[in-house]
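A.B. asks: Listed below, chain by chain, are the residues.
There are 2 protein chains.
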Amino acid sequence: MSLEENSDEGVSHVVPQQIVQEVLRHADANLRASLDRFFQFLRIPSISCDASYSSQCHKAASWISDELSSIGFAASVRPTTGNPIVVAHNKETDGPHVLFYGHYDVQPVEPLEAWNSNPFEPSLKEQPDGETHIVARGASDDKGQLLTFIEACRSWRAVTGHIPIKVSMFFEGEEESGSPSMEAFLDEAGEELNADVMLLCDTYLWRDAVPAITVMFRGILEQEVEIICANRDLHSGAYGNAARNPIQVLAELIASLRGAKGEITIDGFYDDIQDLNKQIRNDISRLDFDTDAFLRDAGLSKSAGDTSYSVLEQIWTRPSCEINGIAGGYYGDGLKTVIPSTARAKISFRLVAGQDPERIQSKFRDHIRARTPADCKVKFTGFGGSPASLISSRSEYLGCARAALKLEWACEPVLIGSGGSIPIVSLVKRRLGLDSLPIGFARSDNRHHSPNEKYDLSSFHKGIRSWIRILAELSRCTIVQPPSFAGDNTGADDHVDR
Amino acid sequence: MSLEENSDEGVSHVVPQQIVQEVLRHADANLRASLDRFFQFLRIPSISCDASYSSQCHKAASWISDELSSIGFAASVRPTTGNPIVVAHNKETDGPHVLFYGHYDVQPVEPLEAWNSNPFEPSLKEQPDGETHIVARGASDDKGQLLTFIEACRSWRAVTGHIPIKVSMFFEGEEESGSPSMEAFLDEAGEELNADVMLLCDTYLWRDAVPAITVMFRGILEQEVEIICANRDLHSGAYGNAARNPIQVLAELIASLRGAKGEITIDGFYDDIQDLNKQIRNDISRLDFDTDAFLRDAGLSKSAGDTSYSVLEQIWTRPSCEINGIAGGYYGDGLKTVIPSTARAKISFRLVAGQDPERIQSKFRDHIRARTPADCKVKFTGFGGSPASLISSRSEYLGCARAALKLEWACEPVLIGSGGSIPIVSLVKRRLGLDSLPIGFARSDNRHHSPNEKYDLSSFHKGIRSWIRILAELSRCTIVQPPSFAGDNTGADDHVDR
Numbered sequence: 001m002s003l004e005e006n007s008d009e010g011v012s013h014v015v016p017q018q019i020v021q022e023v024l025r026h027a028d029a030n031l032r033a034s035l036d037r038f039f040q041f042l043r044i045p046s047i048s049c050d051a052s053y054s055s056q057c058h059k060a061a062s063w064i065s066d067e068l069s070s071i072g073f074a075a076s077v078r079p080t081t082g083n084p085i086v087v088a089h090n091k092e093t094d095g096p097h098v099l100f101y102g103h104y105d106v107q108p109v110e111p112l113e114a115w116n117s118n119p120f121e122p123s124l125k126e127q128p129d130g131e132t133h134i135v136a137r138g139a140s141d142d143k144g145q146l147l148t149f150i151e152a153c154r155s156w157r158a159v160t161g162h163i164p165i166k167v168s169m170f171f172e173g174e175e176e177s178g179s180p181s182m183e184a185f186l187d188e189a190g191e192e193l194n195a196d197v198m199l200l201c202d203t204y205l206w207r208d209a210v211p212a213i214t215v216m217f218r219g220i221l222e223q224e225v226e227i228i229c230a231n232r233d234l235h236s237g238a239y240g241n242a243a244r245n246p247i248q249v250l251a252e253l254i255a256s257l258r259g260a261k262g263e264i265t266i267d268g269f270y271d272d273i274q275d276l277n278k279q280i281r282n283d284i285s286r287l288d289f290d291t292d293a294f295l296r297d298a299g300l301s302k303s304a305g306d307t308s309y310s311v312l313e314q315i316w317t318r319p320s321c322e323i324n325g326i327a328g329g330y331y332g333d334g335l336k337t338v339i340p341s342t343a344r345a346k347i348s349f350r351l352v353a354g355q356d357p358e359r360i361q362s363k364f365r366d367h368i369r370a371r372t373p374a375d376c377k378v379k380f381t382g383f384g385g386s387p388a389s390l391i392s393s394r395s396e397y398l399g400c401a402r403a404a405l406k407l408e409w410a411c412e413p414v415l416i417g418s419g420g421s422i423p424i425v426s427l428v429k430r431r432l433g434l435d436s437l438p439i440g441f442a443r444s445d446n447r448h449h450s451p452n453e454k455y456d457l458s459s460f461h462k463g464i465r466s467w468i469r470i471l472a473e474l475s476r477c478t479i480v481q482p483p484s485f486a487g488d489n490t491g492a493d494d495h496v497d498r
Numbered sequence: 001m002s003l004e005e006n007s008d009e010g011v012s013h014v015v016p017q018q019i020v021q022e023v024l025r026h027a028d029a030n031l032r033a034s035l036d037r038f039f040q041f042l043r044i045p046s047i048s049c050d051a052s053y054s055s056q057c058h059k060a061a062s063w064i065s066d067e068l069s070s071i072g073f074a075a076s077v078r079p080t081t082g083n084p085i086v087v088a089h090n091k092e093t094d095g096p097h098v099l100f101y102g103h104y105d106v107q108p109v110e111p112l113e114a115w116n117s118n119p120f121e122p123s124l125k126e127q128p129d130g131e132t133h134i135v136a137r138g139a140s141d142d143k144g145q146l147l148t149f150i151e152a153c154r155s156w157r158a159v160t161g162h163i164p165i166k167v168s169m170f171f172e173g174e175e176e177s178g179s180p181s182m183e184a185f186l187d188e189a190g191e192e193l194n195a196d197v198m199l200l201c202d203t204y205l206w207r208d209a210v211p212a213i214t215v216m217f218r219g220i221l222e223q224e225v226e227i228i229c230a231n232r233d234l235h236s237g238a239y240g241n242a243a244r245n246p247i248q249v250l251a252e253l254i255a256s257l258r259g260a261k262g263e264i265t266i267d268g269f270y271d272d273i274q275d276l277n278k279q280i281r282n283d284i285s286r287l288d289f290d291t292d293a294f295l296r297d298a299g300l301s302k303s304a305g306d307t308s309y310s311v312l313e314q315i316w317t318r319p320s321c322e323i324n325g326i327a328g329g330y331y332g333d334g335l336k337t338v339i340p341s342t343a344r345a346k347i348s349f350r351l352v353a354g355q356d357p358e359r360i361q362s363k364f365r366d367h368i369r370a371r372t373p374a375d376c377k378v379k380f381t382g383f384g385g386s387p388a389s390l391i392s393s394r395s396e397y398l399g400c401a402r403a404a405l406k407l408e409w410a411c412e413p414v415l416i417g418s419g420g421s422i423p424i425v426s427l428v429k430r431r432l433g434l435d436s437l438p439i440g441f442a443r444s445d446n447r448h449h450s451p452n453e454k455y456d457l458s459s460f461h462k463g464i465r466s467w468i469r470i471l472a473e474l475s476r477c478t479i480v481q482p483p484s485f486a487g488d489n490t491g492a493d494d495h496v497d498r
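Chains as they are written, first to last, in the numbering used here: chain A, 1 to 498; chain B, 1 to 498.
In isolation and in its complexed conformation, chain A is listed as follows (with noise of 0.2 Å):
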């Protein structure tokens, strides 16, 4: 996207380049002390799913909260009814006012056999392509990734003295579990959260050597649906033909969701999304997306949504219906001749900009409704929703991030959209009102969640620098007033087609 350039050079805070450059070879000098902090994080073994290692993410926090005391940050660890959260201040300065979150709670490591190396013991491992791999349990999700942001605030404040910016930090220990604390931290938390925008790392380069902003999430609204007929299991001998067939009834309800191009016929399930204006269509056109490696890569060879868009506009523009899980009647071996009293489905929206999750759910319901036959009740439980995220292209923090990327990697940052959604972006948006810049460095292969997770030491020592120069770079945007709490989350100024 070609933006408008910031050409705002005479606000007070902008940080001359060569002190940049003095930060930067800092980091470049002291990267060797990053890593031995980095190992010492990993080596919590924080593994937030799993009970037993509660107080190991109690040390995780109580490591994060004493490493941004020790570069100047407010920093404590919140109670929660589950693992704690860190919250860290910087306010030094008078610039514009950021707000970054990550997690250091990680992922179990079974299958303990497929590792390596110990999961908790991290390893550098060299690579034919003269590339290092960090390897260990949360080495990219999200320990390295969080802690390039630390250590870019590190090398500030050890140049310089201060961080160039307001800096305000959070960190939960559950995100692998869901973050059941959040919502209700962030309603005791929200005045003291108020930033300009937030920041997080949880995402990836676009391609080994050129970064990427995440822009748009897919939003998501989650049912369950289940339709009931007669009042228990029936023998199919005696009553096949002339009993209601659950299973039946809910294939052609599911069927009804979508027509012949793919499109979701639902009843006006269309009717709010903002369409994306021109340029970002042509800039999503213009990625080097290689579409058939893509569905080659599931094994598939053939877009089953709407030709009337790209496979990468399907994936991050269109909403979409995913039938996540069905079962009715009898599963075992062999065949038993049941009709059924009941079957369920479990059904996934994928939202975009414009979408009210409430909306589309009484649509869908609707939908349902009207298509089920007599003597079938049809029960819905939802399992809540989210809208979508859409930063608006014009953002002055997005501009801001993006020039600094630029000068980084040397090349021109793409922005991009994910089919799915990070919570934490939705909620953020919903209870604090903030967009969110995701910016991580984290390459494809990264194996997270998986055994031998790794992250590599060019995404953590570029990751470092990045943020170093982005921290620069918005020092040159406007001071926001803390933002109303009644903000929609469309971007709306961003949709100018219709």
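Derived by calculation from the structure, the hints in this document are not laboratory data.
Here the structure is a predicted model, which means the values were calculated and not measured.
Be a bit skeptical, because a hint or two may be false.
[To be verified] Straight-line alpha carbon distances no greater than 30 Å define the calculated DSS-like cross-link-like pairs of lysine-lysine that follow: (1) A/Lys379 <-> A/Lys261; (2) A/Lys377 <-> B/Lys336; (3) A/Lys377 <-> B/Lys302; (4) A/Lys278 <-> A/Lys363; (5) A/Lys302 <-> B/Lys336; (6) A/Lys363 <-> A/Lys379; (7) A/Lys261 <-> B/Lys261; (8) B/Lys91 <-> B/Lys336; (9) A/Lys462 <-> A/Lys406; (10) B/Lys379 <-> A/Lys302; (11) A/Lys91 <-> A/Lys462; (12) B/Lys336 <-> A/Lys379; (13) A/Lys336 <-> B/Lys462; (14) A/Lys363 <-> B/Lys336; (15) A/Lys261 <-> A/Lys302; (16) A/Lys462 <-> A/Lys59; (17) B/Lys261 <-> B/Lys278; (18) A/Lys377 <-> A/Lys363; (19) B/Lys379 <-> A/Lys261; (20) B/Lys125 <-> B/Lys59; (21) B/Lys261 <-> A/Lys336; (22) A/Lys125 <-> A/Lys462; (23) A/Lys377 <-> B/Lys261; (24) A/Lys379 <-> B/Lys302; (25) B/Lys462 <-> A/Lys363; (26) B/Lys462 <-> B/Lys91; (27) B/Lys302 <-> A/Lys363; (28) B/Lys302 <-> A/Lys261; (29) B/Lys261 <-> A/Lys379; (30) B/Lys377 <-> A/Lys302; (31) A/Lys377 <-> A/Lys91; (32) B/Lys278 <-> A/Lys336; (33) A/Lys336 <-> B/Lys91; (34) B/Lys363 <-> A/Lys261; (35) A/Lys302 <-> B/Lys363; (36) A/Lys261 <-> B/Lys278; (37) B/Lys363 <-> B/Lys377; (38) B/Lys406 <-> A/Lys336; (39) A/Lys336 <-> B/Lys363; (40) B/Lys379 <-> B/Lys261.
Mind docking chain B on chain A? Use the hints.
C.D. replies: For chain B alone, coordinates are given in the frame of chain A:
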């Protein structure tokens, strides 16, 4: 059905009515002794699905064999790879030859706590309406019912010294476990079991005072379909829209099997069906069948089937296609945003006369293959099938049995269909070429397979009396030649409408 009256009173084997009356009086006078033998039989816990009761199954087999030997049958216990099969012959007379089938094994008794008395200590429970229940596991299914036939033979033997027609019998001990030994046994015993018709007693009265002969059973074809798309489970955020979802595909395929009226839309599915003659349709329409009560009992109020047909026609005379099970993706608590790589459904067809299971399988698979989209593999598993059974309403044996029942019950017995099948009926048709006459005396509330299974004392008594009369009436039948093994099983002469 109004049958042609069998007026061929002149054949040599006809038994004078005063002899029949003597045999009936003997049965009445000795009911207590019959009941004592029934109780002995019920005390043997011949549960076939639990190998630890194997010796009890052998004991039950020996018990029957001994009883039959004591009334002049050449009886023996034949080993199989499972529980033994008892075979017995009495061919002293020159009359026609019937083969009687029954099973001495019973269902397990769990949950034991739901029984009001020991399931293997039979008890007589007098009812407010004057009826007496014989309560025990197997009382109705099938020990009581099969004993009605043996006790009838006993009375004939006691009064006249012989049985008025040739009688062979066989009793298996694995009916409640899918009869795994039966096919091999029939192949081996084939010639020995040749007869003119098979009798069995595994069915119900139509009303408490109205006996029934089941003249048609639907056949069955059992299939599993698996749809395979991606080479692994995919994330619905990363792939949603673009990747083919096998649950969606399977749902659309299932939806394509039935039309708006509930008709089955597989090309050529109904082609080979032989129309029922008007008389049978007419007879069915005259049965006092309470459609609303039938549906209401299952918690339903409206038939799901093709309304061109009555509910009884839908379940007896029309083929069905029922989804018996479906599974795919995630089905635990909550929701997992997965696009699974596979989804499977178990589907069974109930077939009617004229439909060949193999041909229907081909048509079904062609239907599925033609509609399976790109990038999906489809995998079929067959669990076998068997054609429908339809006895010709012109059958001489049917006519005689009907006349005998009319004499005993003082009303016209009804000819009914069954939406399910009794596997032995189609197996014996295929292997031995024999039509069956299923005549049972159980009431519909007999709780077979359930706790507190019972058989009415009147069922037992009038069952014995009915068989005494049937054996007398069958002696009027023409002696037929051993049937050809190539005979088809469609009773084609009965189908004159087309």
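A.B. asks: It remains to establish, for every hint, whether it holds in the given structure.
C.D. replies: Now the hints, each set against the structure:
This hinted pair checks out: A/Lys379 and A/Lys261 have alpha carbons roughly 29 Å apart, not beyond 30 Å. Simply put, A/Lys377 and B/Lys336 have alpha-carbon atoms about 25 Å apart, close enough for the 30 Å limit, and the pair holds. Distance restraint check for A/Lys377 and B/Lys302: the Cα-Cα separation of roughly 13 Å lies within the 30 Å cut-off, and the hinted pair is therefore satisfied. Between A/Lys278 and A/Lys363 the CA atoms are separated by roughly 29 Å; this keeps the pair inside 30 Å, and the hint holds.
The straight-line distance between the Cα atoms of A/Lys302 and B/Lys336 is roughly 24 Å, inside the 30 Å bound, and the hint therefore holds. Proximity of A/Lys363 to A/Lys379 is assessed by CA-CA distance (about 15 Å); at most 30 Å being required, the pair is judged to hold. Between the alpha carbons of A/Lys261 and B/Lys261 the distance comes to roughly 26 Å, so the proposed pair stays at or under 30 Å and holds. A distance of roughly 68 Å separates the Cα atoms of B/Lys91 and B/Lys336; the hinted pair therefore is violated under the 30 Å criterion.
For the given pair, A/Lys462 sits about 12 Å from A/Lys406 by alpha-carbon distance, which is consistent with the 30 Å threshold. At roughly 20 Å between alpha-carbon atoms, B/Lys379 and A/Lys302 fall within 30 Å of each other, so this suggested pair holds. With a C-alpha separation of about 25 Å, the suggested pair A/Lys91 and A/Lys462 falls inside the 30 Å cut-off, and the hint holds. Between B/Lys336 and A/Lys379, the direct Cα distance comes to roughly 19 Å. Compliance with the 30 Å bound is thereby established for this hinted pair.
Taking the CA atoms of A/Lys336 and B/Lys462, the gap is about 35 Å. The hint is violated against a cut of 30 Å. Note on A/Lys363 and B/Lys336: the hinted pairing holds, with a Cα-Cα distance of about 22 Å set against a maximum of 30 Å. In summary, the hint linking A/Lys261 to A/Lys302 is supported, as the alpha carbons are separated by about 13 Å, within the 30 Å threshold. Straight-line distance between C-alpha atoms of A/Lys462 and A/Lys59 comes to about 28 Å, which keeps the hinted pair within the 30 Å bound.
This hinted pair checks out: B/Lys261 and B/Lys278 have alpha carbons roughly 23 Å apart, not beyond 30 Å. Note on A/Lys377 and A/Lys363: the hinted pairing holds, with a Cα-Cα distance of about 18 Å set against a maximum of 30 Å. For the proposed pair B/Lys379 and A/Lys261, the alpha carbon gap of about 25 Å is at most 30 Å, so the pair holds. In summary, the hint linking B/Lys125 to B/Lys59 is supported, as the alpha carbons are separated by about 27 Å, within the 30 Å threshold.
Proximity of B/Lys261 to A/Lys336 is assessed by CA-CA distance (about 26 Å); at most 30 Å being required, the pair is judged to hold. Between A/Lys125 and A/Lys462, the direct Cα distance comes to roughly 18 Å. Compliance with the 30 Å bound is thereby established for this hinted pair. Of the pairs offered as hints, the one joining A/Lys377 and B/Lys261 holds, with about 20 Å between alpha carbons and a cut-off of 30 Å not exceeded. For the hint linking A/Lys379 to B/Lys302, the alpha-carbon distance of about 20 Å falls within 30 Å, and the restraint holds.
A hinted pair counts as satisfied when its Cα atoms are at most 30 Å apart, and B/Lys462 with A/Lys363 does not qualify at roughly 62 Å. A distance of roughly 25 Å separates the Cα atoms of B/Lys462 and B/Lys91; the hinted pair therefore holds under the 30 Å criterion. Under the criterion of a C-alpha separation no larger than 30 Å, the hint pairing B/Lys302 with A/Lys363 is consistent with the structure, at around 27 Å. With a C-alpha separation of about 34 Å, the suggested pairing of B/Lys302 with A/Lys261 is violated against the 30 Å cut-off.
Straight-line distance between C-alpha atoms of B/Lys261 and A/Lys379 comes to about 25 Å, which keeps the hinted pair within the 30 Å bound. In summary, the hint linking B/Lys377 to A/Lys302 is supported, as the alpha carbons are separated by about 13 Å, within the 30 Å threshold. Annotation: proposed proximity of A/Lys377 to A/Lys91 is violated, straight-line Cα distance about 58 Å (limit 30 Å). Pair hint B/Lys278 plus A/Lys336 does not hold up; C-alpha atoms about 34 Å apart against a cutoff of 30 Å.
The hinted pair formed by A/Lys336 and B/Lys91 fails the criterion: a straight-line CA distance of about 40 Å is larger than 30 Å. Straight-line distance between C-alpha atoms of B/Lys363 and A/Lys261 comes to about 27 Å, which keeps the hinted pair within the 30 Å bound. With a C-alpha separation of about 27 Å, the suggested pair A/Lys302 and B/Lys363 falls inside the 30 Å cut-off, and the hint holds. Between A/Lys261 and B/Lys278 the CA atoms are separated by roughly 47 Å; this puts the pair beyond 30 Å, and the hint is violated.
With a C-alpha separation of about 18 Å, the suggested pairing of B/Lys363 with B/Lys377 holds against the 30 Å cut-off. For a cut-off of 30 Å, the pair hint linking B/Lys406 to A/Lys336 is broken: about 37 Å separates their Cα positions. Distance hint between A/Lys336 and B/Lys363 is fulfilled; the C-alpha atoms sit about 22 Å from each other, no more than 30 Å. For a cut-off of 30 Å, the pair hint linking B/Lys379 to B/Lys261 stands: about 29 Å separates their Cα positions.
Violation of the numbered hints given earlier is confined to hints 8, 13, 25, 28, 31, 32, 33, 36, 38; the remaining hints are satisfied by the structure.
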